[in-house]
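Student: As a plain string of letters, each chain reads:
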Amino acid sequence: MKKYVVIFFLLFFITGISHAKDTVKIGLITPLTGDVKTFGESAKNAFVIALEEYAKNGKYNIEPVIADDKNDPTEGANAALKLITQDKVVAISGPLTSKVTIPVSDIANKNKVPMISGAATNPKVTTYEGKRKPYVFRACYTDPFQGTVAATFALKELKAKTAAVLYDVGNDYSKGLAEFFKATFIKDKGAIVAYESYQKDDVDFSALISKIAMKKPDIIYLPDYYNKVALIARQVREKGLKSTLLGSDGWDSPELMKIGGSAIVGGYFTNHYSPDRKDPIAEAFIKRYKQKHGAVPDALAALGYDATMILLKAIDSAKKPTQEEIIKLLSSLKNHKGVTGNISFDKNGDAIKSVVLLKVEKDKIKYMTTINP
Amino acid sequence: MELLGYIIEQTINGLQLGAVYALIALGYTMVYGVLRLINFAHGDIFMLGAFIAYFLITKFGMPIYFVFIITMLSTGLAGYLIEKIAYKPLRHAPKISLLITAVGVSLFLEYFLSLNALFTPNYIGFPRPFEIESYNFAMFTVTNVQLLIFSITFISLFLVYLLVYRTKYGRAMRAVSYDQEVASLMGIGIDGIISFTFIVGASLAGLGGILYGIAYPQINVFMGIMPGIKSFIAAVLGGIGIVHGAVLGGFIIGLLEVFVSAFISSTFRDGLIFIILLLVLILKPSGIFGKRIEKV
Numbered sequence: 000m001k002k003y004v005v006i007f008f009l010l011f012f013i014t015g016i017s018h019a020k021d022t023v024k025i026g027l028i029t030p031l032t033g034d035v036k037t038f039g040e041s042a043k044n045a046f047v048i049a050l051e052e053y054a055k056n057g058k059y060n061i062e063p064v065i066a067d068d069k070n071d072p073t074e075g076a077n078a079a080l081k082l083i084t085q086d087k088v089v090a091i092s093g094p095l096t097s098k099v100t101i102p103v104s105d106i107a108n109k110n111k112v113p114m115i116s117g118a119a120t121n122p123k124v125t126t127y128e129g130k131r132k133p134y135v136f137r138a139c140y141t142d143p144f145q146g147t148v149a150a151t152f153a154l155k156e157l158k159a160k161t162a163a164v165l166y167d168v169g170n171d172y173s174k175g176l177a178e179f180f181k182a183t184f185i186k187d188k189g190a191i192v193a194y195e196s197y198q199k200d201d202v203d204f205s206a207l208i209s210k211i212a213m214k215k216p217d218i219i220y221l222p223d224y225y226n227k228v229a230l231i232a233r234q235v236r237e238k239g240l241k242s243t244l245l246g247s248d249g250w251d252s253p254e255l256m257k258i259g260g261s262a263i264v265g266g267y268f269t270n271h272y273s274p275d276r277k278d279p280i281a282e283a284f285i286k287r288y289k290q291k292h293g294a295v296p297d298a299l300a301a302l303g304y305d306a307t308m309i310l311l312k313a314i315d316s317a318k319k320p321t322q323e324e325i326i327k328l329l330s331s332l333k334n335h336k337g338v339t340g341n342i343s344f345d346k347n348g349d350a351i352k353s354v355v356l357l358k359v360e361k362d363k364i365k366y367m368t369t370i371n372p
Numbered sequence: 000m001e002l003l004g005y006i007i008e009q010t011i012n013g014l015q016l017g018a019v020y021a022l023i024a025l026g027y028t029m030v031y032g033v034l035r036l037i038n039f040a041h042g043d044i045f046m047l048g049a050f051i052a053y054f055l056i057t058k059f060g061m062p063i064y065f066v067f068i069i070t071m072l073s074t075g076l077a078g079y080l081i082e083k084i085a086y087k088p089l090r091h092a093p094k095i096s097l098l099i100t101a102v103g104v105s106l107f108l109e110y111f112l113s114l115n116a117l118f119t120p121n122y123i124g125f126p127r128p129f130e131i132e133s134y135n136f137a138m139f140t141v142t143n144v145q146l147l148i149f150s151i152t153f154i155s156l157f158l159v160y161l162l163v164y165r166t167k168y169g170r171a172m173r174a175v176s177y178d179q180e181v182a183s184l185m186g187i188g189i190d191g192i193i194s195f196t197f198i199v200g201a202s203l204a205g206l207g208g209i210l211y212g213i214a215y216p217q218i219n220v221f222m223g224i225m226p227g228i229k230s231f232i233a234a235v236l237g238g239i240g241i242v243h244g245a246v247l248g249g250f251i252i253g254l255l256e257v258f259v260s261a262f263i264s265s266t267f268r269d270g271l272i273f274i275i276l277l278l279v280l281i282l283k284p285s286g287i288f289g290k291r292i293e294k295v
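Residue numbers (numbering that gives the first Met the number 0), protein chains in the order written: chain A, 0 to 372; chain Y, 0 to 295.
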């Protein structure tokens, strides 16, 4: 009998300890399979590192729920509904790509669940017809800024006079960047000689490339994700076209060089961060990431880490981890020291941050310059 | 003069795409000929071909001509098995059951193979078995990949033509397509001919898969859907059941696609192809080479 009493008290004691920390559920939505799976894997790795970091001296016990959106808006929306209604998460980190994040952000906002995307750059992520979605934030800059910087860089640094733009008409991210690039390029006295679109599942770009080849533009702007860009780059070079390729943060993946090969070498792209950045927080993160995953983190990992860290910081400083409390703290966040730089939110919940310009070289991606907003 | 070069170059682009469509369309049309079945799983056999070639090149480092042979044999076997497992038990069922089964086989192949343990739903870079070379002429550019696609397609189209019109098997196939029951009364083994047709059609689709992988070096499990639909339209356009109709239809669709992208906009491309399908079905349902079929 005595034995049982001891066991009973022991059990009581153990469960008592584990209840000493309140459990908070947070969700991650990210593409773990499909056409941009390297993005999703980076974001997930970073998410796990952020949680481990927090667990060391955080106030709450965090329970993660991870969902795969396959980079498909419908899958993303389903995942968001499941996280919110079934798993009852208090906040969501992600998704990554704009086309998935726009519907997911609508759902999160409607259900009053705070959400912070690491990398979705389209303006419609945090606003709807010019109105702010108060529950949505992002840890990166927006497309108008990225497209403008790319156009200015092409004109000033690459001394380009003519440009062609090739974009995915069904992708908000690609389309948005193409528009902002075009607007700035024309405004600053450049000429857009070709402005062509393709569709999501296209693999044959020969007709469009032959069309562009006739105009011999100085640069070709390719605002899309790595796998499509690599395919286009190959076909561009096979047509004997020598124009400089210029792109956006969607290029940042080890797969870019694998599929693109020598065709992509010599291209430039705008990005959120470079592992060459000298900064104690960035260096510490890069070291941990390398130890755990055996690779240098890409921009998606860095942004995913920053987004999750911001969220965890808000949850930790909340008196009670309720949605309202978290939103209040997120809105007042100033100068968060992240891996990708200092992050403050503007009135739309978008991070105010600098753009990094990178060049693709034979065996690595070289840091060129940083452009401040 | 520049415009002429541009047109020549776009024509080459269109022929390249059309050649692959023609190879796939042949399978649709031959199976339809003998079985009156639109084999919707055909586009997925094409995908299977690309994946088998991918594994042969990356995992075994096989030389390219072996890759061609083994891939075609394997997709031929896959076509044989699909017919035996999924279609043969329904030989005497209503046609609609057969059609539904074909859609089922297609979805099964796509989603079963997209499991993470098998091919995964990811986009995979297809390894180039040789270096690309472009040959610049005064007005246009041709690559060795395009030349390879043209020569392989034309040789196989020629061989299929010989097979169908100059051999005993071909004659049996045509007889079965004309009237199955009478053909069987004349001593033709119907099952053997149907299996043979599936094997030939599927190995051509596999060949199309390799060429597609070499030309557009990125593959995934859903890559068969659009080329499959477009090749089906090509077969309908040429007159389904007619071998040279499928070839002509394939080239017409390929050229149209490229010319619409080149002179109008790529946004209109797919829509226009489906409008063509509608027009053919309204104006001449039997296709370009089709004869009027008596309504039963």
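No lab work stands behind these hints: they were computed from the structure.
As the structure is a prediction and not an experimental result, all values here were calculated from the model.
It cannot be assumed that every hint is accurate.
[To be verified] Subject to a maximum C-alpha distance of 27 Å in a straight line, what follows is the list of computed BS3-like cross-link-like pairs (lysine-lysine):
#, chain 1, residue 1, chain 2, residue 2
1, A, Lys361, Y, Lys83
2, A, Lys312, A, Lys55
3, A, Lys214, A, Lys160
4, A, Lys55, A, Lys333
5, A, Lys199, A, Lys286
6, Y, Lys283, A, Lys257
[Said to hold, decoys possible] Anything over 12 Å on all C-beta distances counts as not near chain A; from chain Y, calculated:
#, residue
7, Ile7
8, Val102
9, Tyr134
10, Leu161
11, Arg268
[Unchecked claim] Footprint (simulated), chain A over chain Y, 3 or more residues, beta carbon under 8 Å:
#, stretch
12, 68–80
13, 107–120
14, 212–222
15, 236–246
Glycine included, each C-beta is placed from N, C-alpha and C at the ideal position.
Student: Evaluate each hint against the coordinates.
Tutor: Going through the hints against the structure:
Taking the CA atoms of A/Lys361 and Y/Lys83, the gap is about 51 Å. The hint is violated against a cut of 27 Å. For the hint linking A/Lys312 to A/Lys55, the alpha-carbon distance of about 13 Å falls within 27 Å, and the restraint holds. For the hint pairing A/Lys214 with A/Lys160, the CA-to-CA distance comes to about 12 Å; that is within 27 Å, so the pair holds. Under the criterion of a C-alpha separation no larger than 27 Å, the hint pairing A/Lys55 with A/Lys333 is consistent with the structure, at around 24 Å.
Under the criterion of a C-alpha separation no larger than 27 Å, the hint pairing A/Lys199 with A/Lys286 is inconsistent with the structure, at around 36 Å. As the CA atoms of Y/Lys283 and A/Lys257 are separated by approximately 48 Å, the hinted pair breaks the 27 Å bound. At roughly 10 Å from the closest C-beta of chain A, the C-beta of Y/Ile7 falls inside 12 Å, breaking its exclusion from the interface. In this structure Y/Val102 is separated from chain A by more than 12 Å, as the shortest Cβ-Cβ distance comes to about 19 Å.
Interface exclusion of Y/Tyr134 from chain A breaks down, the closest Cβ pair being 9 Å apart, not more than 12 Å. For Y/Leu161, the requirement that its beta carbon stay farther than 12 Å from each beta carbon of chain A is met, with the minimum near 30 Å. Distance check on Y/Arg268: its Cβ comes as close as 8 Å (rounded) to a Cβ of chain A, failing to clear the 12 Å threshold; non-interface status is violated. Closer than 8 Å: that is the beta-carbon criterion, and the stretch 68–80 of chain Y has 0 residues meeting it against chain A, so the requirement of 3 is violated.
Check result for the stretch 107–120 of chain Y against chain A: holds, 3 residues qualifying (beta carbon to beta carbon below 8 Å, three or more required). Check result for the stretch 212–222 of chain Y against chain A: holds, 7 residues qualifying (beta carbon to beta carbon below 8 Å, three or more required). Here the stretch 236–246 of chain Y counts 0 residues with a CB under 8 Å from a CB of chain A, which misses the bar of 3, and the coverage is violated.
Hint check: violations occur at hints 1, 5, 6, 7, 9, 11, 12 and 15; the rest are consistent with the structure.
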